[in-house]
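Participant: Sequence:
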Amino acid sequence: MTEIVVPGNPPLAPDYLTPEAIIVWQETLGRVMSAGVTELDSALLARYCSLEALVRKAFAAGNEPPPAAYLTVLRQHEELLRIAGPKSRVGGGSAADGAKSSNPFARNGRNAR
Numbered sequence: 001m002t003e004i005v006v007p008g009n010p011p012l013a014p015d016y017l018t019p020e021a022i023i024v025w026q027e028t029l030g031r032v033m034s035a036g037v038t039e040l041d042s043a044l045l046a047r048y049c050s051l052e053a054l055v056r057k058a059f060a061a062g063n064e065p066p067p068a069a070y071l072t073v074l075r076q077h078e079e080l081l082r083i084a085g086p087k088s089r090v091g092g093g094s095a096a097d098g099a100k101s102s103n104p105f106a107r108n109g110r111n112a113r
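Numbering (the working numbering), first residue to last: 1 to 113.
Wrong hints could be hidden among the right ones.
[What the hints assert, rightly or not] Okay, derived cross-link-like pairs now, SDA-like style, lysine to any residue, Cα gap no bigger than 20 angstroms in a straight line:
#1 K87 <-> H77
#2 K87 <-> N103
#3 K87 <-> S34
#4 K57 <-> E20
#5 K87 <-> Q76
#6 K57 <-> S34
[To be verified] The following label-pair restraints were derived from C-beta to C-beta distances:
#7 G109 <-> T18: 45 to 53 angstroms
#8 N9 <-> N63: 38 to 46 angstroms
#9 T72 <-> Q26: 22 to 30 angstroms
#10 G109 <-> Q26: 44 to 52 angstroms
No lab work stands behind these hints, which were simulated from the structure alone.
Virtual Cβ for every residue (Gly too), placed ideally from N, Cα, C.
Put together the whole structure using the sequences plus the hints.
Facilitator: Printed below as a string of structure tokens:
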């Protein structure tokens, strides 16, 4: 059986998520969906939830903070999912949406000579 992925469908949680990651998924799902995340981003959201669960566990243990690399990758995932704060949601449109291109070289090669 083949499953058809339609843009705009909500993300689907994979089977491999731990119970802790499922909690993060449930807490985060509404936020990421309002930011435009769809089923096409399910794997990225799953990795974010898994890593967030590990970071929470490390902080709760109180022994040592999680590795800085975990926190960096977590922030990067939040930016990609557009849930890292207001700045991560700026410029979400594309030229196809009628938004002005942020590429300063976009007009190069189109000038009359």
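Participant: Which hints from the list above does the structure break, by number from lowest to highest?
Facilitator: Number 6 only.
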